[in-house]
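Novice: These are the residues of each chain, in order.
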Amino acid sequence: MSDLTKLTLKGAVDGLKAKDFTSAEITQAFLTTIEAANPTLNAYVEVTADKAIDMARASDARIASGKGGALEGAPLGIKDLFCTEGVQTTAGSNMLRGFVPPYESTVTANLWRDGAVMLGKLNMDEFAMGSSNETSAFGPVVNPWKSTGSNAELTPGGSSGGSASAVAADLCLAATASDTGGSIRQPAAFTGTVGIKPTYGRASRFGMVAFASSLDQAGPITKTVEDAALLLQSMCSFDAKDSTSLDIATPDWTQSVGKSVKGLRIGVPREYVVDGMPTEIQALWDQGVAWLKDAGCEIVEISLPHTKYALPTYYIVAPAEASSNLARYDGMRFGHRAEDFKSLDDLYATSRAEGFGKEVQRRLTIGAYVLSAGFYDAYYVKALKVRRRIAEDFDNVWGQVDAILTPSTPSAAFALGDKQIDPLTMYLNDVFTVTTNLAGLPGISVPAGVDAGGLPLGLQVIGKALDEATVFQVGAALERAAGFTAKPGMWW
Amino acid sequence: MSDNTKTIKGRTGDWEIVMGLEIHAQVASKAKLFSGAAVGFGAGPNEQVSLVDAGFPGMLPTLNKHCVEQAVKTGLGLRAQINRRSQFDRKNYFYPDLPTGYQISQLYYPIVGEGVVEVEAEDGSFFNVGIERLHLEQDAGKLIHDLSPTESYVDLNRAGTALMEIVSRPDLRTPDEAVAYVKKIRTILIYLGTCDGDMEKGNLRADVNVSVCRAGNYDKFKETGDFSYLGTRCEIKNVNSFRFISQAIQYEARRQIEILEDGGSITQETRLYDPTAGETRSMRSKEEAQDYRYFPDPDLLPLDLEEAWIAEIKASLPELPDDKRKRLMADYGLSQYDAIVLISEQAKADYFEAAAKGRDAKLVSNWVTNEVSARLGAEGKDFSQNPLPAAHVAQLVELIETNVISSKIAKEVFDHVWNGEGSPAEVVEKHGLKQVTDTGAIERAVDEIIAANPDKTAAVAEKPQAIGWFVGQVMKATGGKANPAAVNDILKAKLGL
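Which chain is which? The protein sequence lines are S and Z, in order. With the working numbering applied, the first sequence covers 1 to 492. With the working numbering applied, the second sequence covers 1 to 497.
Treat the hints with caution; some may be incorrect.
Unchecked claim - Cut-off 25 Å, straight-line C-alpha distance, at most; resulting in silico cross-link-like pairs (DSS-like, lysine-lysine):
no., chain 1, residue 1, chain 2, residue 2
1, Z, Lys-142, S, Lys-342
2, Z, Lys-434, S, Lys-241
3, S, Lys-385, Z, Lys-91
4, Z, Lys-381, Z, Lys-183
5, S, Lys-382, Z, Lys-362
6, Z, Lys-408, S, Lys-241
7, Z, Lys-494, S, Lys-241
8, Z, Lys-91, Z, Lys-65
9, Z, Lys-6, Z, Lys-222
10, Z, Lys-476, Z, Lys-494
11, S, Lys-308, S, Lys-259
12, Z, Lys-314, Z, Lys-357
13, Z, Lys-362, Z, Lys-326
14, Z, Lys-91, Z, Lys-9
15, Z, Lys-430, Z, Lys-456
16, Z, Lys-476, Z, Lys-434
17, Z, Lys-201, Z, Lys-30
18, Z, Lys-314, Z, Lys-326
Keep in mind the hints are simulated off the structure, nothing from the lab.
With the rest of the complex left out, here is chain S (with noise of 0.2 Å):
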């Protein structure tokens, strides 16, 4: 039976219903196969064996009465940043080792309400800071693809690591993931698999380990666009717990997926081309907008000005914002407490010194500086001015095109412990990714290619404020053109 764990989520919702085969044959297939991959890859932090197989049951007796939901039965991985109730949350740190939360991410919940089945809590990058799951408490994860004629152990991406690695490798069927610079579709971009960061507000942030608030939303990684799709609008909904939740209802997206994009007009940014940019890349880039001309859209060049100060805006704003909402694990009432302490500041220092890896210290470090008197205009406030400037940049466009295609990612995948030394060489992971984030738009990644190694390689589709339905039917008309197949060999 461990075909089932190669389905697609649609393919295997489609299954359940059809009683092609139970929830509890998906969800075991699933955890016989995490249980032979993940001492290797070490994408799960946490497997939830027992709820699992609960959990299937109860919607195997779901489908047996006819009362299924939409993702009924599918099992699922969850990125380790969402509280799920009674399920450890560590969002990858020492400092929440052995949290329990007693309450449910909205995201999580509402899977849960559409019948999906939970395998287990995904590995991911400390507070979901990095770009290659290194900063993880639980160890690096490692990615299923190996290039070519190298044995080296590659890094997923990050910071959903666990997520991307998971989902190439069929440890789950889909998996959530969460988005801060790009740590959707930089892993999915390293995988081989789908990614996309909605609209800012879209996805509930209640219940999901801040990293910054602003920035942070929740989505999918999953084999196919359709699959995005169909996860994305089971984990939206508004939310009236997250005040930064939209009010606005959640479409259904698989309707896009497949329509044509015929007359669709697709701007490409001259700002994307950056120095040092590897060949493939370019190339890559170049078929996509092949690939879009063929099938009938019109190909605009555009310009977004200050997509150069989108990653140093990025890297003040989102410090900032982690340095305040990271205040809270102070080793008082839950998280890890030092056990040697001379006085209540020392209680804190040493509790968060012990408790943060290197990564998150430095962002705090830079966040509390950025914030501190007599540097919060300089580059605070500056960095908010020309965020606004980076959202009015997308503004100005939308008349000219429907959607926009760049690279997901500089390169591909590459070997773990190879950037660690220097962070800023680590940063430029996000260069084509943050700008959404900062503009608070939905972002696809889709596979369309593999570089000289055959390592997979992504491409990005952004689309205007609450329009995923065109991002899905063009990254689904990519996916098409490019008829992305490869699978990671099973070494593990």
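Based on the hints, put chain Z in the right spot on chain S.
Specialist: Same frame as chain S, now just chain Z:
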């Protein structure tokens, strides 16, 4: 022009105090500012705490609209500018009573802007105090240090409760003015129903910014707006009674003057008033002051208020103390003094109005502000807890007006009524306290007293004010029930005065 009453004598010359106050008023609300948790007094430790208040991962604040309405109401009551757009900011610092590591407040764009409050001084004159702003913010929890010698406990019941911080301009000049200002704000808040004003429970407390300058410099500051004319200020935190506000200011001003006269300089710092020692003590200096790293709270959208909603709130405002004072004077012919005493408590003014219908308003006012107030005061109650129906006061005054009882007897009647023996009419009946207006009976009593006291009768011709002794004797003989006017008339006639 420098006002003599506002100067303090020093060894080296005259000084003036300048003060600005930050009043923290707990918003009257059943729920906290950003969580659904209940607000109340007397709950067990940590019984009124939601996961949002406790700062659990992934918990988000959602604004309580009722608290916003209360703030708008208060702003309107202070005749202040209501800002159509305001914003919440985070004030970041670590402390065990602050679970999220930041307090949500409004630094950059407060919900209420400038206003002005008219305050009555002790002498019946009025002075204006400028309001700089009113903003909404969260209260912190409470630390309890005295339950264990080695541990401190945290009670988060208060954490996240809504506060209004009302910031005044540096317009206050004497301890009395400061107290009168806080009293006025408290009265307005109670009238509006936006804060219960309970200072004992800490629901209303003040941070007092005190500085001293040479006599005359304040006027120069007022003319130029140049703060360099004023001295360096110290902030006395969390003073929670009128008496302590006055004492703290007096101590602090004297302390600052002594430092300056000794050639020293004032360090800007935060101080604490210790009522037991009667002194202020340094908490932290400006150098030790934390950098709060304020920035807009990204979990909350800017707060936009609709003009129509503000208008709706404005239309629903109750009569404010100033308006009530003017109306009581106009409608009931009361003196300003009486009106001010009555409006100091909304329930007192209401009580007065209920009793004064068709009666001698001045007389009713006297009974309400003297006897009733005194009895309530003795029992530690205020007018909202008044057990005596207003109709009883009305009836008592009616009995006086119609000469059924004298004012003196009325006090006795009041005692019985207060003790729950029934209405004034019933008490008069039951105890036979009706005034004797029968001149025959009074004449007989007068005759008897004159006859029995020939020496006193002779003396009164020389010293007419000695008639008082005769009045007393007649009242005594009639059990106090004789009509005093009639007694006087008859005595004068019989004594030939």
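Novice: Of the hints given before, which are not true for this structure?
Specialist: 2, 5, 6, 7, 11, 12, 14 and 15
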